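There are 2 protein chains.
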Amino acid sequence: MRLSRYFMPTLKEDPKEAQIVSHRLMLRAGMIQQSSAGIYSWLPLGQKVLKNIEQIVREEQNKAGALEILMPTIQPSELWQESGRYDDYGKEMLRITDRHDREMLYGPTNEEQVTDIFRSHVKSYKDLPLNLYHIQWKFRDEVRPRFGIMRGREFLMKDAYSFDMDYEGAKIAYNRMFVAYLKTYARLGLKAIPLRADTGPIGGDLSHEFIILADTGESEVFYHKDILDLETPEDKDHNPEELQAIVDKWTSFYAAADEMHDADACDVAEGDLISRRGIEVGHIFHFGDKYSKAMGATVTGPDGKEVIVSMGSYGIGVSRLIGGIIEACHDENGIIWPESVAPFKVGLINLKSGDDACDAACEDFYGKLQSAGVDVLYDDTSDRAGGKFAKMDLIGLPWQVTIGPRGLKSGVVEIKNRASGEKEEMSPETALQKMVG
Amino acid sequence: MRLSRYFMPTLKEDPKEAQIVSHRLMLRAGMIQQSSAGIYSWLPLGQKVLKNIEQIVREEQNKAGALEILMPTIQPSELWQESGRYDDYGKEMLRITDRHDREMLYGPTNEEQVTDIFRSHVKSYKDLPLNLYHIQWKFRDEVRPRFGIMRGREFLMKDAYSFDMDYEGAKIAYNRMFVAYLKTYARLGLKAIPLRADTGPIGGDLSHEFIILADTGESEVFYHKDILDLETPEDKDHNPEELQAIVDKWTSFYAAADEMHDADACDVAEGDLISRRGIEVGHIFHFGDKYSKAMGATVTGPDGKEVIVSMGSYGIGVSRLIGGIIEACHDENGIIWPESVAPFKVGLINLKSGDDACDAACEDFYGKLQSAGVDVLYDDTSDRAGGKFAKMDLIGLPWQVTIGPRGLKSGVVEIKNRASGEKEEMSPETALQKMVG
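Protein sequence lines, in the order shown, are assigned to chains A and B.
Counting from -19, one number per residue, gives the positions in the first sequence under our numbering.
Counting from -19, one number per residue, gives the positions in the second sequence under our numbering.
Hints are computed from structural coordinates only; laboratory data are not their basis.
Among the clues, some could well be false.
Stated by the list, open to error - Which stretches of chain B does chain A cover? Using the computed rule of at least three CB atoms under 8 Å from a CB of chain A, they are:
1) 41 to 51
2) 113 to 124
As the list claims (entries may be wrong) - Partial list, derived from the structure: chain B residues whose beta carbon lies under 8 Å from chain A:
3) S21
4) Q27
5) L30
6) D78
7) T89
8) Q93
From a predicted model like this one, the values you see are computed outputs, not experimental measurements.
Every residue, glycine too, gets a C-beta built ideally from N, C-alpha and C.
Pulled out of the complex, with its shape left as it was, chain A reads as follows:
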């Protein structure tokens, strides 16, 4: 993509309305624009990152055997009356009356809707286990939306729902998602820590939040330092025993959020216990028959008897993750994208647009990167060099390639790694190989 033909309205100054770094950097990089309180439009750069994250989340859900569906944003109130949540949910639910005075709502989550799909079609234990997920916009009418897309009102979420015959089956489904989440975060370039979470009135031991560490995190977390050294599970199909072993290993280390941490009860040696700020980027939850019982989601078991299915739900805030990644990955100059989610892999800087040799060398390099399938943003504008460097640092592409008149005379271009800041001069051919490889 040529920057001259792109729409990336960067800002030089920090916008006043942004209190946290991810919000500030997203506005400055021209990734988003506020539409109304807590509701944003995604401009081209932001939209690309959103799609990249969505695709990684999707692939890992598919690998874990979850099936993608797509439920609508607007739901009928009747389903929520069946579960009892229509009255319980309060003002965070955006309630709508349609032209025929029917009560509808903009879904804040989809337990009722997916249970309705399940009970309409699934009748036998032979069709289990089943895990259905979708990646869809949700709406929660926060009293005070803030922190940009981190606590917005309209947000993109992946939510999966598992259906099993019994607790034992549900536990396998739960473990499968637990492991899929570890793989997902690793692919996003993040180190996520699972924290045992409060299961609320339903009880049980199957609820975990996943948090990533960031100095600007919303809550304090306490964890055994060795949990950060655990290896990401292998990229393969795990059987139930392997899944359990992975979950056991990850949960054998102490890790708790502020509200669950009890300094007196914690048996981690003082030097091993770390306390840092964290951002929640996922939540998985086994809730048993809460919805299946209320809504009559049953299957016939092998013995011919009706069984109420055991359910779990598994959420990842896709749009929120962008803020989380920026909070975890930035410096004073801007964003530092992990390569897997970066909007472009390479930023190509023409130090002297209009100079025949520079233009020719840049066009050649640009064309070759594109032919090799490398996603590149080419700054072909006539802006000053300083402005071009600052902009590339701000938008945080993993690699910068700078081509200027002086370098060309000695036959070299400069490549810079955004994360490490390391710069190196090399021939265009070598640089190309490095960017493609």
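We have chain A; now place chain B onto it with these hints.
The following block gives chain B in isolation, referenced to the frame of chain A:
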């Protein structure tokens, strides 16, 4: 994908609520489920087709230089008050009051919102031309939603918006979208006819609907028979002159919808004029300064003077297209997907699941197709052969490969082309080559 692990709740009987064939077949194939009037959940098979169509639309928009953004579904009423449409729009607009009593709406379209993005950032003629599009869910509160997803309330639409300095620039943008639409429909396996459409109170000659022919179409169209023989524009970047030539060629043939057709004024020879039913699958429209003037979207021209930008909008109903394709592509046994949008390319039928030789041959074939990157649905269930054939015909995958005990004895499998119905026996190796190639 193994059918035994898939969620594809097909129906044997025609559902009573479906009046038209696409609605009937989508329900019968387990592609969708109604959530409330005119609002549907997309089950795995439907979701896959939706994504396939969305991706083709996206690729052709990107090739035409349009930039993808993503605007939210919920918009503030203020923008629509600026354009004057908040009061004009009537009951089709889903109006919402949030918890702070602010008036919001679920966007039926996005002219105001995109104009707001434009005016916030674009100040100079140097940043033009610009075309921003998104693929997002819309809501129109139809009085009587019907025909399944063909006239639903919540629907997925691609809408692009072009911004230019003047009419001449806008015309190039318009032609570029006209040509992109021809390419898009061709890739979807459809023959679309552009009809000059009513431009309403704004006037001008730049408005076309694109329709596809189907006996069940909603309106009657009249066209010169030779328009169906026109070749799809080449897959390349066209310059403005080439674009104009393509548009001129396609619009040189008579083509008009019922309400625009005037038998007396039509100069097509009787034998050349065809009348058939059609389904609208796209609409492009130049509307000049209607929104830019009302909302103050201006740029500074080369001479330093402020210019109100000239705009156009370009819509394709992505979810509606699925219905349109089925209306155009089906027979008495079910859907016949064009290969580009089919949920799977191949349906693999195991004629005798449980038979060791059949199972082994099917597993081998299935594994090899997957390794070759061919998307395949493998019916590994213990259903009867007749039921398996009927199901594969119903869901309309382009190719069926049947492996049974009798064939295996003579070393052959059967392949069937769903569209032509032709069946052929061949060795598994030859069949594999044919499916991969």
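B/Q93 as an interface hint toward chain A, with CB separation required under 8 Å: 7 Å, holds
Chain A contact restraint on B/Q27 - CB to CB distance below 8 Å: Constraint on B/Q27 satisfied, holds at 5 Å.
Assertion that chain A covers the stretch 41 to 51 of chain B - criterion: three or more residues, beta-carbon distance below 8 Å: Since 6 is at least three, the answer is holds.
Per-residue hint verdict: B/S21, partner chain A, C-beta under 8 Å: This hint holds: B/S21 lies near chain A, its Cβ roughly 5 Å from the closest one there, short of 8 Å.
Hinted contact B/L30 with chain A - closest CB pair below 8 Å: 7 Å, holds
Hint check: 8 Å Cβ-Cβ cutoff, B/D78 to chain A: Given a least distance of 6 Å, the restraint on B/D78 holds.
Residue hint B/T89, partner chain A, criterion CB-CB below 8 Å: Result: violated, 15 Å to nearest chain A Cβ.
Assertion that chain A covers the stretch 113 to 124 of chain B - criterion: three or more residues, beta-carbon distance below 8 Å: holds (count 5)
Comparing the model with each numbered hint stated earlier shows that hint 7 is the single one that does not hold.
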